[in-house]
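Colleague: Here is how the chains run, residue by residue.
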Amino acid sequence: MTETDSFFETPAPAGYKGIWSWLITMDHKRIALMYLFVILFWFFGALILGLLIRTELMSVGKTIMGAQTYNAMFTLHGVIMIFLFIIPAIPAIFGNFLLPIQIGADDVFFPKLNLLSWYLYILGSIFAISSLFFGGPPDTGWTFYVPFSVSTNTNVSATLMAAFILGMSSMLTGLNFITTIHRMRVKGMRWLQIPLFTWSLYATAWVQLLATPILSITLLLVVFERMFAIGLFDASKGGDPLLYQHLFWMYSHPAVYIMILPGMGVISEIIPVFSRKSIFGYKAIVASSMAIAIAGSLVWAHHMFTSGMSDVAVFVFSLLTFLVAIPSAVKVFSWISTMYKGSIQMTPPLLFSLGFIYLFSVGGLTGLVLGAAGTNIHVHDTHFVVAHFHFVMFGGTGFAFFAALHFWWPKIFGRMYDFKRAYVAATMITIGFIFHYMPMFILGIMGHPRRYYDYMPRFETGNMLAGIGGYILITGIALMFVNLFLSFKNKRDALADPWGGTTLEWSVPSPPPLHNFVSPPEIKDYPYDFSDVVKKFKPGNIT
Amino acid sequence: MNGITNPLKNVDQAFIYIIGFSLVLLMFITALMIVFVFKYRRSKHPEPSDIRGNWLLETAWTIIPTVIALSMFYIGWSAYIGLRDVPPGAIEIDVFAQQFSWIVVYPNDKEIENEIVVPQGKPVKINLTSEDVLHSLFIPAFRVKVDAVKGLTSYVWFYPDKKGEYMFHCTEYCGIAHSEMNGVLRVIPENDYEQWLEEEE
Ligand code: HEM
Ligand SMILES: [Cu+2]
Ligand SMILES: [Cu+2]
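The listed protein sequences derive, respectively, from chains A and B.
Using the working numbering, you'd call the opening residue of the first sequence number 1 and step up by one each time.
Using the working numbering, you'd call the opening residue of the second sequence number 1 and step up by one each time.
The following block holds chain A by itself, in its conformation from the complex (with noise of 0.2 Å):
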């Protein structure tokens, strides 16, 4: 073994082989890769619900299951896609991979919670499956309003107890990341110097510590409902009935932005390599994530316009609302300008990044309709809603997790995967989503409401439209993986920097060593400075 092996042939601890190497190891680097296979799994499986749960909705009446079915699915395709999904998926994935390396470590402040992170998320998808198997599974929605949550008789109970520890994952982890970048960055490394991802990561870890704890206090006071009915949401035992509401969205909207900062941190590290061309306004994008982050925790009541609170608390969760808008506006802005008399080379990654722009932004735009009061009170709780949090969470986070993938796969795995594929599935993911959610918007300003099995027949045009694109979508999702899998038969030849980056991840071979420097990393005054870059690589020449 020498210093430049891989960290694939150098496990840490050092002298174990085969799964052990996996499973008691410290490296970020395998933990990173063990969050993307458990991650991957639950990604598929709920796939696949959210197709079944769309076949099911492609004709009026019966169409493949019954109600108390169809309300498991949503529950678990919801419940899996959020806390199993989109929250870990780009900090635990890439931010465990790659925030070490971007600000020139050796690893995580803390490697060993970082384990304990990591089997928390298995214990916690434990309890997700067990919910399935003992007493029926849940069919509360993934938001668990009381009182039906309280008195369902489904075994809610586990799948409280999965979110709760799976919130103790997430916080472990956030507390990991900024630890670690505020003691462990590379002598010469200053605030104002690390990029962008990290950034992002860091505004991101701040809500998961925060806000985290009051989503496991509120499980757990469900819990507690559930075995003591001491009437704490219950106005005739003198509880508050909107209680639960408050408490629930206090953590789950500032959720949203958990959700979505990383994947913004994605997109602001693409589109620079590949106009070739400084982040434009970088100050300005690490302004407005610690923005959102702040902001965002004060706006959680606009979910709750229709709920029956004061209307000074809908005119002023309204208004903040409105002002939460502006932070993400300008990134779009700043990434759009940042292509602007660059040098632009279409590759996979960027593509994924385009189509993350437009969708992130159509399910931005309709934030607005959503934000206004007198229009939420419409579209509230219809397809509407569904429509505009999947281009969030699907076109935005979904996207630029896709973007990631392809970004840093020759970077993990030392392998670059076929382009040509790669774009067809990257255009039917993208047509797909179009038809599939566009529909949606339409189907709720009629007035289609959400968490129904059945509905009128006058929506079943637009509900089948959307079937076919959902399929269209599914059948490019997996030809990607397949492309990105197939890669593992190529040699293992990727460049340490294949696409022209200027952040330290592409100054190490692809894959890292086990220290991920060889010697100690140089640090750019400015960390999107190309000019070095445009020097080495010649015009017109890819790599």
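These are calculated hints, taken from the structure and not from any lab test.
Some hints here could point you the wrong way.
Stated by the list, open to error - Calculated lysine to aspartate or glutamate pairs in the DMTMM-like style (CA-CA distance at most 20 Å, straight line):
#, chain 1, residue 1, chain 2, residue 2
1, A, 283, B, 115
2, A, 341, B, 47
3, A, 524, A, 106
4, A, 536, B, 132
5, A, 536, B, 131
6, B, 150, A, 106
7, A, 237, B, 165
8, B, 150, A, 240
9, A, 341, B, 50
10, A, 524, B, 50
11, A, 62, B, 165
12, A, 237, B, 58
13, A, 283, B, 58
14, A, 535, B, 47
15, B, 125, A, 311
16, A, 341, B, 58
17, B, 122, B, 165
18, A, 535, B, 132
Since the structure of chain A is provided, determine the placement of chain B with the ligands on it from the hints.
Modeller: Chain B with the ligands in isolation, oriented as in the chain A frame:
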């Protein structure tokens, strides 16, 4: 007619205003993106320029969207006020939501299920509560919706200025038959309504 403006007009205008602005912005962003990708592709534009930001531009694109956003907020809020301010003289009807039906009670204690009958041309206020879990009353044709919460009374009002039959739905998930919790709102001429109200079931 008797000086009442139908609040749904303002709601629809808010929809048009927000969606219209959004479409313009979306097309602008998308067009720029596509133009840049083609115009500055590496084969045509091998030498990137080194622009790192522009103070003036960045300030402008923070302030202008803020102004637009505030105008959207204002229009949305005014539409909302319309949905909340009940005009004097509204007919009051009590609705009790339960798993899985709507019990509708009139001032003279007449009681019907899954059907709301109202006279044409009179504002109607519905007082809503729940007997069990959360439900939500949604009447798409009038752009109104409010949750039914046990232990709280909430309300919606609307102005049925045209005769006809409209659907209403439950939009807060409430269990296995949530999607069957629908009903019909019938708007009938005032004379027929008076007569209907006095009829025994
Ligand atoms: C990154 C990907 C995705 C995420 C994060 C996601 C997340 C969610 C969430 C949180 C819900 C709400 C569940 C609830 O109401 O409790 C939901 C509902 C839904 N999802 Fe997805 N989803 C994703 C992909 C998909 C796909 C690929 C499909 C179909 C092909 C799909 C179809 C649906 C449908 C039809 C509903 C609405 C169910 C209803 O309200 O009746 N989703 N999704
Ligand atoms: Cu929110
Ligand atoms: Cu319901």
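Colleague: Just pull the numbers of the violated hints for me, sorted ascending.
Modeller: Hints 1, 4, 5, 6, 7, 11, 12, 18 contradicted; others consistent.
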